[in-house]
Amino acid sequence: MNLSSYETDIAIFDEMFLPGGEVRSHCRQVMSTLERMSSDEAAEIQERVTRTFRDEGIAFTVYGKSEAQEQIIPVDCLPRILTGEDWKLIEAGLRQRLSALNLFLDDIYNDAKIVSDGVLPADIVFDCPQFRPQMTGYSPPEKVWVAICGTDIIRTNDGFFVLEDNLRVPSGMSYMLANRKAIKSSFRRLFRACRVRDIEHYGLELNRTLTELAPSGSPDPAIALLTPGVYNSAFYEHVFLAHEIGATLVEGQDLVVRDGFLYKRTTRGLERIDVLYRRLDDDFLDPTAFREDSVLGVPGLLDACKRGNVSIVNSPGTGVADDKSVYAYVPDFIRYYMGESAILKNVATRLCRRPEDLEYTLDNLEDLVVKRVGESGGYGMLIGPHSTQAERNEYARAVRDNPADFISQPVLSLSRSPCIVDRRLEPRHVDLRPFVLKGKQSRIVPGAFCRVALRKGSLVVNSSQGGGGKDLWVLED
Amino acid sequence: MLARNAQGIYWLGRYLERADLLCRMMGLQVGALVDRPVAEINFSWRRLFASIGHTPSGGLFDFDNDDFTQADSFTLAGEATFEQRNPSSLAACIRMGRENARQMRNCITAEMWTSLNLSYLKFCESDIVSIWRHSPEAFFDETARDLRSFFGVANATMYRDEAWLFLLLGGAVERAQGACSLLLAQAAEEAKGEAALEYGLESLLAVFEAQETYRRRFGFEVAADKVRELLVTDRLLPNSIGSSCDATYEYLSRIGPAPNQDPGKPLRAAGRTCSLIRHDWPDERDRRKLIEKICDGSMLVHTFVDKGFFQYSG
Chain D
1 MNLSSYETDI AIFDEMFLPG GEVRSHCRQV MSTLERMSSD EAAEIQERVT
51 RTFRDEGIAF TVYGKSEAQE QIIPVDCLPR ILTGEDWKLI EAGLRQRLSA
101 LNLFLDDIYN DAKIVSDGVL PADIVFDCPQ FRPQMTGYSP PEKVWVAICG
151 TDIIRTNDGF FVLEDNLRVP SGMSYMLANR KAIKSSFRRL FRACRVRDIE
201 HYGLELNRTL TELAPSGSPD PAIALLTPGV YNSAFYEHVF LAHEIGATLV
251 EGQDLVVRDG FLYKRTTRGL ERIDVLYRRL DDDFLDPTAF REDSVLGVPG
301 LLDACKRGNV SIVNSPGTGV ADDKSVYAYV PDFIRYYMGE SAILKNVATR
351 LCRRPEDLEY TLDNLEDLVV KRVGESGGYG MLIGPHSTQA ERNEYARAVR
401 DNPADFISQP VLSLSRSPCI VDRRLEPRHV DLRPFVLKGK QSRIVPGAFC
451 RVALRKGSLV VNSSQGGGGK DLWVLED
Chain Y
478 MLARNAQGIY WLGRYLERAD LLCRMMGLQV GALVDRPVAE INFSWRRLFA
528 SIGHTPSGGL FDFDNDDFTQ ADSFTLAGEA TFEQRNPSSL AACIRMGREN
578 ARQMRNCITA EMWTSLNLSY LKFCESDIVS IWRHSPEAFF DETARDLRSF
628 FGVANATMYR DEAWLFLLLG GAVERAQGAC SLLLAQAAEE AKGEAALEYG
678 LESLLAVFEA QETYRRRFGF EVAADKVREL LVTDRLLPNS IGSSCDATYE
728 YLSRIGPAPN QDPGKPLRAA GRTCSLIRHD WPDERDRRKL IEKICDGSML
778 VHTFVDKGFF QYSG
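Going down the list, the sequences are from chains D and Y. For the first sequence, my numbering begins at 1 and goes up steadily by one. For the second sequence, my numbering begins at 478 and goes up steadily by one.
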């Protein structure tokens, strides 16, 4: 492939090239393979990978005006590569962060010392729509509220930053594994030569984690994965994960609570469930505790959970810890609960609820990213430099009306990684979503769902908005 | 096994079996357009639509003009094959089968899913105009082959647990009902007093893939009573009603009792249907009535399976 047209930008970290254009040392093997490869060969690999995804139905569902459509996750066949050293930093940072977030959740639903000690304003916690008063006084097995966390990490010239924590129903692990399977078989020799660390045991690690969280401490608990159903955009992932962890894939209609225990309806009658890995938002879990109109959940589920008869993973109420306002305080949690400095940095965040931050945000809308605290998936945000004056005016009005609903951050130049676009190598912005697990111990596989903004210049990596995926290769030391 | 999964797998078996039968009927029908008389073509269209319980949106015409029959056949073939609004069309059966498989992906093997998904994607690339332009027979042959490959892959890769049995059960129940409906549609056409239509019997044997067996058992002379005898009672013929009812009984006994209040009900209903063929058939003069009874019995089995295993209150 002709690499001479590949553009680097000194202001943006490139995952494969140094600012002067030389190849980073840990990427040399990949680069020499690319140099030997013709454009036709690269295009063929790209097409084969895409076809594999299509044939195997590795898809997510998008909802248009008329009906739901299955869409294949676009995947770029060139891996993003991280050194063992980079990974060590990420791994240590994620383990630390998840421990602190769990301590925070157990604290606020019980003694709320962090509030009484003045580390965190009470209204940020208790006025947060994701705070669930129904969970007050509850403490899950091992005090693990968040057993599965997907953290979005970006890299700039100043290092790695946590963009957000996904603590409710994080998704993307199936794409991490599917990308690996497809890319590994496309670059067989290269994969072996690079000594890429293994991620295929993710299902086993997740199974071990869920087993450790069984309420009775049973060594062989019955695990089920609760899906909203086939119309959910991540249904493929639910099927995939249920298979990987040996769980029964259930919908709310398959479940019933009797005498404080949770059962599934089988062809042999009712059978008990010990651990419920839910992929359903809090609101829909139990119509007797949360939204009354939910038909996706199970009446009485929360009661069974609070009686200690079933573990819900992640616990209801965890959303308060990944709220965009609370995010700004995570480094403070780490210091408060663990006496440590955060290993992974936060992106500097201004909370518009504070008058000085509100003023700064409104004065600098053109240069900032402004987000609604309750939104996710890249929706509802303003990217200042890419916005029009009219959009900024409209957004400013909304911010002034409800300042507590907004935060602002500087526009960060997400790092770029080479992708095959129209048979050429072109840089595209990427981020990283590794998954960290916590049962009696914390676990992490050396890999991640690496998201790519496939549109040239775009910073939005979400699959619902034109993003795709890449395999992440973490190299052995 | 989760009741809902068992239901999904059961319906997967049913939809694909239904699609397979329709493929065989359509393959023969489009083949007939090449060289058969108009009366026979019209006869088979009526039989086909009656057997799938669907009335074409534009109605069925008995043209005695070759050009009109060909044009009408194009429309009818499109409706039976690609019309999504026709719940009995091939497209609807394959789509529903694939949708059930998609929902039950955790109960079937990856190989099964990929096999069916590829067949579905291939099917979606076709339309009535494109297949008509080339060889519609080849299209139906190929689609039937793809569907059967799915069952072959299932046979080779699926663990022999309840899911496997519910897949087979769905196929067997559908086969019995499809065969009954087809024989009843044939009998209804014959009762209209039209010519005995040897072609109708020949094509019936072809749909059941029973021509060779028939010749071995009865010779080359095709007679209506012998055709029925073979298609209803021959337990060695895979598509016969008898073998499908036997298979239904066998799978149900291997699945075991249902978890509802009357756990033996589905199996008893299946046993009674087998008994109709085994014990009542030889003495029954009104064969059409008996086929109706078998058809009702098979539907009852389905109802009891549905209520006993899938819809019980828990």
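Worth flagging that the hints you see were computed from the coordinates, not collected in a lab. Possibly wrong hints are sitting among the right ones.
Between beta-carbon pairs, the in silico distance windows are [said to hold, decoys possible]:
hint : chain 1 : residue 1 : chain 2 : residue 2 : range
1    : Y       : Glu-602   : D       : Arg-354   : 53 to 59 Å
2    : Y       : Glu-576   : D       : Ala-396   : 43 to 49 Å
3    : Y       : Arg-731   : D       : Ser-218   : 26 to 32 Å
Within a straight-line C-alpha distance of at most 30 Å, the following computed BS3-like cross-link-like pairs (lysine-lysine) qualify [said to hold, decoys possible]:
hint : chain 1 : residue 1 : chain 2 : residue 2
4    : D       : Lys-184   : Y       : Lys-766
5    : D       : Lys-181   : Y       : Lys-742
6    : Y       : Lys-669   : Y       : Lys-599
7    : Y       : Lys-742   : Y       : Lys-703
8    : Y       : Lys-742   : Y       : Lys-784
9    : Y       : Lys-770   : Y       : Lys-784
Ideal Cβ placement from N, Cα and C applies to all residues, glycine included.
Verification of the supplied hints:
1. Glu-602/Y - Arg-354/D: 53 to 59 Å: The hinted range 53 to 59 Å holds for Glu-602/Y and Arg-354/D, with Cβ atoms some 58 Å apart.
2. Glu-576/Y - Ala-396/D: 43 to 49 Å: 46 Å, holds
3. Arg-731/Y - Ser-218/D: 26 to 32 Å: 31 Å, holds
4. Lys-184/D - Lys-766/Y: 62 Å, violated
5. Lys-181/D - Lys-742/Y: 47 Å, violated
6. Lys-669/Y - Lys-599/Y: 40 Å, violated
7. Lys-742/Y - Lys-703/Y: 33 Å, violated
8. Lys-742/Y - Lys-784/Y: 10 Å, holds
9. Lys-770/Y - Lys-784/Y: The hint holds at about 21 Å.
Checked against the numbered hints given earlier, the structure breaks hints 4, 5, 6 and 7 and satisfies all the rest.
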